[in-house]
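Chemist: Residue numbers (our numbering), protein chains in the order written: chain A, 852 to 1228; chain B, 852 to 1228; chain C, 852 to 1228; chain D, 852 to 1228.
Worth flagging that the hints you see were computed from the coordinates, not collected in a lab. This structure is a prediction, so every number in the text was calculated from the model and none was measured. Treat each hint with caution, since some may be false.
One copy or two, either will do: identical chains are not told apart, so a pair holds if it fits within one copy or between any two.
Stated by the list, open to error - Mimicking DSSO-like on lysine-lysine, the simulated pairs with C-alpha atoms at most 27 Å apart in a straight line are:
1) Lys875 x Lys1081
2) Lys1168 x Lys899
3) Lys899 x Lys854
4) Lys854 x Lys890
5) Lys1072 x Lys1084
6) Lys1168 x Lys875
7) Lys854 x Lys1211
8) Lys994 x Lys1115
9) Lys875 x Lys1211
10) Lys1084 x Lys890
There are 4 protein chains.
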Amino acid sequence: MTKPLNIGLVGYGFMGRTHSNAYKRVNDFFEREYRPVLKAVCGRDAEKAEAFAAQWQYESVETDWQKLIARQDIDAIDICTPNNTHAEIAIAAAEAGKMVLCEKPLSMDPEEGERMVAAVEQAKVPNTVWYNYRRVPAVTLAKQLVQEGRLGRIFHYRSQFLQDWTIDADLPQGGAALWRLDVGAAGSGVTGDLLAHCIDTAIWLNGSIRDVTAMTETFVKERMHNLTGKVEKVGIDDACAFLCHFENGSLGLFESTRYARGHKALYTFEINGEHGSLRWDLHDLHRLEYFDHRDESIIRGWHDVHVTDGDMPYMDKWWVPGLQIGYEHTFVHQVADFLEDLAAGRATSPTFAEALETQKVCQAVLSSAETASWMSV
Amino acid sequence: MTKPLNIGLVGYGFMGRTHSNAYKRVNDFFEREYRPVLKAVCGRDAEKAEAFAAQWQYESVETDWQKLIARQDIDAIDICTPNNTHAEIAIAAAEAGKMVLCEKPLSMDPEEGERMVAAVEQAKVPNTVWYNYRRVPAVTLAKQLVQEGRLGRIFHYRSQFLQDWTIDADLPQGGAALWRLDVGAAGSGVTGDLLAHCIDTAIWLNGSIRDVTAMTETFVKERMHNLTGKVEKVGIDDACAFLCHFENGSLGLFESTRYARGHKALYTFEINGEHGSLRWDLHDLHRLEYFDHRDESIIRGWHDVHVTDGDMPYMDKWWVPGLQIGYEHTFVHQVADFLEDLAAGRATSPTFAEALETQKVCQAVLSSAETASWMSV
Amino acid sequence: MTKPLNIGLVGYGFMGRTHSNAYKRVNDFFEREYRPVLKAVCGRDAEKAEAFAAQWQYESVETDWQKLIARQDIDAIDICTPNNTHAEIAIAAAEAGKMVLCEKPLSMDPEEGERMVAAVEQAKVPNTVWYNYRRVPAVTLAKQLVQEGRLGRIFHYRSQFLQDWTIDADLPQGGAALWRLDVGAAGSGVTGDLLAHCIDTAIWLNGSIRDVTAMTETFVKERMHNLTGKVEKVGIDDACAFLCHFENGSLGLFESTRYARGHKALYTFEINGEHGSLRWDLHDLHRLEYFDHRDESIIRGWHDVHVTDGDMPYMDKWWVPGLQIGYEHTFVHQVADFLEDLAAGRATSPTFAEALETQKVCQAVLSSAETASWMSV
Amino acid sequence: MTKPLNIGLVGYGFMGRTHSNAYKRVNDFFEREYRPVLKAVCGRDAEKAEAFAAQWQYESVETDWQKLIARQDIDAIDICTPNNTHAEIAIAAAEAGKMVLCEKPLSMDPEEGERMVAAVEQAKVPNTVWYNYRRVPAVTLAKQLVQEGRLGRIFHYRSQFLQDWTIDADLPQGGAALWRLDVGAAGSGVTGDLLAHCIDTAIWLNGSIRDVTAMTETFVKERMHNLTGKVEKVGIDDACAFLCHFENGSLGLFESTRYARGHKALYTFEINGEHGSLRWDLHDLHRLEYFDHRDESIIRGWHDVHVTDGDMPYMDKWWVPGLQIGYEHTFVHQVADFLEDLAAGRATSPTFAEALETQKVCQAVLSSAETASWMSV
């Protein structure tokens, strides 16, 4: 028999759906001691929260997150609200002794993040941040190959996250699905939304970043604001790119934008080492390309690995070789790991403390762009 | 409030998992009048059936499919057992007034299939066969583009399904996961297992097949039989290829094998018409390649369409552009359509009657290979 | 100092250009004892022949191929005329003691081919047929890998040659650049033009073909004939596909058409063996894909080999890794090999005798399609 | 009848071969008033120069470039020597009234480049720099599409040139084929060798670059020097990356390295505009990928354009659709354009003056890396 893990979800937007799905599916595929129970969903709009609860079969609804946190029957608070609310909710949840699962990015800035880390560490509550792309099987396999030392000394790391959905100048900012365009709610534009993923994976695969030089751009300077009804200055960065040095001496190159026609969600990374290289992209997420210079010269070329076999990360739990899984499974994997770590008394990476490092790099990037100078992380 | 649709699943193997998953997930993503309820799973091995029920949260277990069919609280029988049991179970279920959802291929041969069709038609029970690949969004989009007449007169259709998992001569045949290698349980080898998918999609996209010339091969002639413990002659076809004429005058080329190193489950099709072409493969199932000769000549080339946008089939129900779904979603889509059709009083394609046509082509293919002559379907 | 090899070219069409280019370039890149000299070009239209001679710097022009053959200063006759003239010219050239280089296909039918082989063998003159695609570096590398036994026992061979340039029903047949559509000049349609390449490579890589079952189609039944000015029945095959058994027990699948929208000259082959597989296509001719099942499982995938390194066939003669060569170089390679073989007193593959085997397969294919039955080669 | 254009080539290394090949082939494919004549090759090593002359059929040999320039029978001086000799030779040639064709990069630094520009402009001699990649048909087609305004306002430009041939720490620097590793001969490492190509194409396609922030790295700090026989400090940059703003407001991202395992000569660019995008890479140089947001949504995707048709740049001169050309043809095209411009009295782009702009960007990049600050160009 499994033990229930009662989930209180805050926020019923896009991320609310991905997390709910993960909680509902995890035990069908992963044998775990704990089984998440969709105990309550919380949102300010009661009607929408009710509809969400009905669709996903949450047992109850709250409209005040403080009440949710106060409930005795809730074990874990999952934060899926806009970035500017993460800190307050997370800290309150930790103080109430709840486990906290927080959507990325951790916080609006490193200072907020520090307080969040302090709160969960002081409360000694399990905590994790949903940098879900680490748990694409092909990405986890990349981590394994790097860790085994197959690439040798690393020379280069490059990563990009390209989208094209905000090019239309008539798109408003703010509110509901568009809070990511509102600097007040999001803190930054592509830096916190997209580059944060690139940075999290980079640090995981290649270690810490030492210093950065960056540039940002806001192509559309003013947009109608949904909350005020007025045309207002756009405060977010539409595009951001930076160069960096990693602590291991390798060079980094990062870029992110919502103005790259033809790319829906092209998140890529590539790492080049002395002996070999790896590359991956989210548009074909089940594939990992691997190059090994030690292959015999006449048959040397990038291996196109279809990461769907049972000896590859997470894949023994799903179907058979050749049959792919998708985006949503990364969240299932994160829950599966969280449940396993919970039973084992281990932290689940990335913890708040780990996610704080990404926040610091984001901050250095934004500062560098603002000051037009290299910044240490 | 949704109405329950009580499911009685027969078989707890690979397909039992894909169907159970589909039933559990469909209402989270598709608004439907009916909601499948995992009422009972049936399997001869009580212990395994219990374990399966526990994992998937079936309410009860049966070890005799006839008892399952006799239960008043079961609305639909879903058949996930080896091919040689489909007819008997399906006919009994129909006669008991149950809806029947049957794994493909429909039957061991057209004669059996005719009796199954007669049974469901006489009983007037909703029925469908799980040719799931029709409901890959990219494949459904292909159907839409063909139906709109975008390709013009069709000249060519080619399809293949290549695997490489039975090359090892030490692999036994028969029993459990290996019943597909046992001609007694499977009826045929790759023809019924893999080519049947190719044929179903082909007929759906390009109409009926008129005649065929085929060849089959069994590369490993004898294998240990798991059920008898003896080395026995292998009765299935390891590989099968055929040429054909479609009723619309186009030429067809089909191939399937389990001896193609490097291909895990490479199911592909391509269709060439007067104005344009389409191609697709299961290893990157969210992509559809489209060629349109009417494009301006200097920018003419295959369009690489990442079928993940909200205006593409089924995709408004999932995530956002660029984020892919996978294999298992094809089953969710089939359930979603079945539930919608049920509410509307419509048949769900492919019905038993439609699947019988595929069975007839398979039979013609096997006969052609045996007689080394062209066969009409 | 190099020795001159005086070339007499018959025909100044597309193939006349590719051969002339090869003769002019070969010694710039390949050290050889012989140096081809463009001594004379022969064509019935004096004005066009003069223009061609001027462009390519031929020393002289003939309008009667018999005079060309009679010239004492000509060492080798190169036949670039339509298929229906190959036999007569080649036999006369051989009888005059000239070396003969003949465009593919060798002949209109095996009977003609037999006489051509007899002529060159009796005259003991060096002879070769321009199946140029064998000498794409990636294809030659494929041959090397197969010969080294890397693939193990072969199970499957498949090949296709897809074009789309004759779909327009208003395209006339016959004369000048369109003689390939005129059965009188070409003998057959895609079978002799395109499948002959597929078959030549297949035999080279995988050995002889035992028997075939084929179908052909002529989609546009009548076309204006350029030579008669009348709408006439089209005698060629627009499309041809066949299944076959190789002598080594593997299965073959071949297809060719000029009605596959989106494919300009997509010549592909793939070979699947016990241990590995190879595939190649002409649209990216410098790449060879190689799969080796003996690779470690977690990094197993198709190797994408960019065949441009100095240790790959012919590539030490050209540029540096990563820099590709193209179509025309296959002809340079054939001349380079011919010159080397000439100096060494060796035959240059494919000889007339080898090309005759391809002719026999073509004939079996056409007969099979006509009789709707399996034919032995 | 064509007019001779007498070429005096200085240098017989890799570039000497590519240029010689271009001169010899151009008139076979391009009708031009002028025909290059390989009058003389000049190199300090008489024996090697003789061998080169014999292979390429140069009429004569010089060992002193000043003598070559002094010859009355030479019309044009082509400079294929290491970078540190470009200025002296080019200025002398111009002063002697010779046309000058100079390998890239133009010079060691902008100051040298200014003097070279002044010399050719004062002498009013035709001049061009061999930035050959502009004349890959797919790249020229990209220029055409950009010029037609198809992409709309440009947001992003990114380019990289990745190689992996200097990773081995035992590779020496200096002399013969390795002068590119010797800062004294090359001036810089990948910046002048590889990034210069990226920058030239970028300026051509997207206009001038305003400012840059850059980083460089030398991974192997000391190497045996071939000329001194001693282990010496490596003065070149092994890797260089920079961010920039273009004058048109778009953002640029550039990277180049010789330490990217798996990439032989992966030169890529991508440009993203309001309506569409383009991308290309040298490893498959005959393909251009084009995205047009104005395509109907359900068939919207990158067009994979195989740039081999007669209506595409330069391709009417070569073979037929589907048959590719390669690296060396870019030089043929540059000669073809030079000859045509010469007859028409026009300058051939890039002129020395145009190439100077690239030199200035390279200088700004190196200065930025050295000072760790943004630099204006």
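Chemist: So, against the hints stated earlier in the document, which numbers end up violated here?
Modeler: 1, 7, 9 and 10
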